[in-house]
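Asker: The residues making up each chain are set out below.
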Amino acid sequence: MTISTTPLPVTTESEVAQAPRERSRFWAWLILLLGALYFVIPLGATFYWSLRAEKDVLGFEAYRRLFADPNFWPTFLESLVNAVFAIILSLLIIVPTAYWVTLKLPKLRPVVEFITLLPFVIPAVVLVFGLIRLYGRPPLLLTATYGSSRVILVCAYAALSFPYMFRSVDNGLRAMDVRSLTEAAQSLGAGWPTIMRKVIFPNLRVALLSGALLTFAIVIGELTIALFMAQQTFGPYMANLTRSKVYEPSAMAVVAFALTWAAMGTIALITRPGKRG
Amino acid sequence: MGGARRLPRFRFGRWLGVLPFFVFSALFLIGPAVVLAYRSLEAPDGGLTLDNYRQLTNPTVLSSYGLSIRISLTTAIIGGLFGFLLAWAVSMGGLPRPFRSGLTTFSGVASNFAGVPLAAAFIFTLGRIGAVTALFEVIGVDLYGTGFTLYSYWGLTIVYLFFQIPLMVLVLLPALDGLKQDWREAAENLGATPGQYWRRVAFPILLPSILGTMILLFGNAFGAHATAYALTGGLLNLATLLIGQQISGDVLNNPGLGYAVAMGMVMIMALSIGLYSLLQRRSERWLG
Amino acid sequence: MTGFLSLQGVRKEFNGVVAVESFDLEVEPGEFVSFLGPSGCGKTTTLRMVAGFESPTSGTIRLAGEDVTYAKANERNIGMVFQSYALFPNMTVSENIGFGLRVRKEEGAARGERVAELLDLIHMPDKAKSYPNQLSGGQQQRVALARALAIRPQLLLLDEPLSALDAKIRDDLRAEIRRIQRQLSITTIYVTHDQEEALALSDRIVVMSKGQMEQVGEPFEIYNNPTTGFVASFVGQLNRLPVTVVDPALGRLRVGRSEIRTTSLIESPAGAEVSLMMRPEEVTLDAEEENVLEGTVESVTFLGSIVRVQVGVEGGRLTADLFNERLLELPVAGEATQLSFPSHACWVMV
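Chains as they are written, first to last, in our numbering: chain W, 1 to 277; chain B, 1 to 288; chain A, 1 to 350.
These aren't lab readings, by the way, just hints derived from the structure by calculation.
One should not assume that every hint holds.
Claimed, not checked - With a straight-line Cα cutoff of 20 Å, these simulated SDA-like cross-link-like pairs (lysine to any residue) come out:
1. W:198 with W:179
2. A:72 with W:23
3. B:180 with A:133
All figures in this text were calculated on a predicted structure; none of them were measured in a lab.
Whole structure, please, built from the sequences with the hints as guidance.
Answerer: In structure tokens:
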């Protein structure tokens, strides 16, 4: 074991070895810059516009007008309520299903997964087409009243959330090793309802929250189905606003973006690696 | 579900947990699709016929499919390419780590930002009185004078890319992670330059994932309605907009044809999702 | 194949943390040298510097007389086998093996011949068109070895190649690696944390700990004449007994009421408390040898060919490894017994 006493020059890497990595880093920065420009400019332009409602002044007048618009809060709240019900419905259906398919009926998994992919195969506009034709005529006339159409709308939203909810819950079940936990609970004498309530749901908190937030993001601004079912939700309201007002739509876009960011940001926060469900 | 400690032995109990799912899906996913399928095969006099499908060659329908396919291809390819480059940049391009999680979160937001707000944002950017349009004027370029308009094929393409690129990034990042460092080192050790490594090892391994995701992007654009509606109203003859118009009123003068158009879209979407799943499974075999 | 590897003063720092202190080694052509040590000792880092995946903070690396310290990894003509095999999943076995040749633009026919040659070398000619995911772990590693050798490297580097394999496969492949290495006379560096591998395969072993070279020597030397406490306890089983020095010149020590003699050098003065070391296989359960101690059997573990007996003696505990015999009467826990060991079998450390 010799200790080097001669002062050798401290070189890190030769120029030759460093060059390729620096070259690729240059391109990476360039690509990131281009991407940032493409994504930030529209958002920035919209935000800028939203501050110019008052002449020659940068202010939040557009936002004031937006929030004061008689149709803003009613439609937003209506969408919010729809979202909440859709989320609850989706949870109540998906969680037992994912649990059953994982533990008791693994052979059904391909079928269930296929069905959860249907919302990708049947685009919203086609789905609403089918819903109207199915429930808009006797004998299944369920679209006669606004209320009953709304029920169908919420159910449709729950169905649209299946791919995301199922994948989220499925991942959560896998992460918590649901089989072992269930067997442990059973050996201690617990029945199904108890297992669901005290073992499954609590450990799925993060997965459920993620799924719920995704569903929320989908439902809150949904346009296509709401439009054709003549529902006065936030989506059609926003569409109307775009055609009727000048400055408010920009504030609306900023608000919508902020909402989506809040939802996705929360998901990112709660699913940070290392956090326990 | 009762508080019974042991499930009854007969098979019904085993299916109890998944019954709501199947019933619900039948009512709100499968049912509507089946109705459309059935109606698309209905002849005016009540029998079954493939006539409606033959009429898909109707010029309106054909041009709408054509336009939808073209814009879906364009946004899939451009979105796929740039999405791949962005994913590469934050995972293997040597950028600081926070950029990656930042891009991931942002992509999650942007891919969900479609619809009215997105259209509105671009109207305020590249519309006739948009901020960027104004910027061009400042440097002396009359954007709309050159014939460009946001409410066109290329305008919609630019808007669609806002959610296509992030979708590509989100799906591709895990695939890029799967590209083991060992492979690059082994290739280097055997004498390969970075270019040779990418050409012979990395790209072939990534190809199923890239291709599959581009197909996913294609489907995503093909089925998009809200953004196109909010941006162009009914100006562009896209397949989804056509179906929308058919719902409100029989613009095709042929209800059966309307259903066939809808089913045609479902078939194209099914094909694209199917191909995507296939290629994803292949890529998982290599990338884990 | 000739290769002469020289590492002089090689040192590696990561963000102020020293991973490799100062590594000096001269490797003869055709020699098989192992870097042995626990995780984090710097053995893999050193290997990667030789391979060119890391650059030394200071020092030089010469290969066949040429200074390759900062040469690019893809220009060193060194073959490397990875712990994770790193076979390209999109290529067949043949294509994997031929990859390095392809990159060097070797012609199809010559390449095909060379690939066939190597497939024979690893005894897998029938798997030429298989894909890596169709092969077992052991088979994949053999293909990885063939791939590294295909380019006729001057030096072969192996980074814990057997760690990911099952025990039986590991033994077979270990023998394979040695056979091939001898057949090709290729200079080889082998990184492992498994001392049995290092002892069985190497011409020389470099034992490392915390970035430092602890000892370099032949397996027999390393095992029987460890120069540091770390090497003594890391390689093989080791007995340690606290003793007091009585007479350093005559090698006399005392433990409890018994006196012990050692022929090894004692550097501490009389009265000093030191540790007496010896290997368990040199300890017998009788009074045949020079040094005899009384004790009580604490436990008996039957390991197959070896019976490991732990005996409590005054001041500590000694382990004796006895060879199994069919008619052996195993000692019983709790019974009194005697231990003995020769004075040349033990040595003293502070």
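Asker: So which of the earlier hints does this model not fit?
Answerer: Going through the list in order, the structure violates no hint and respects every one.
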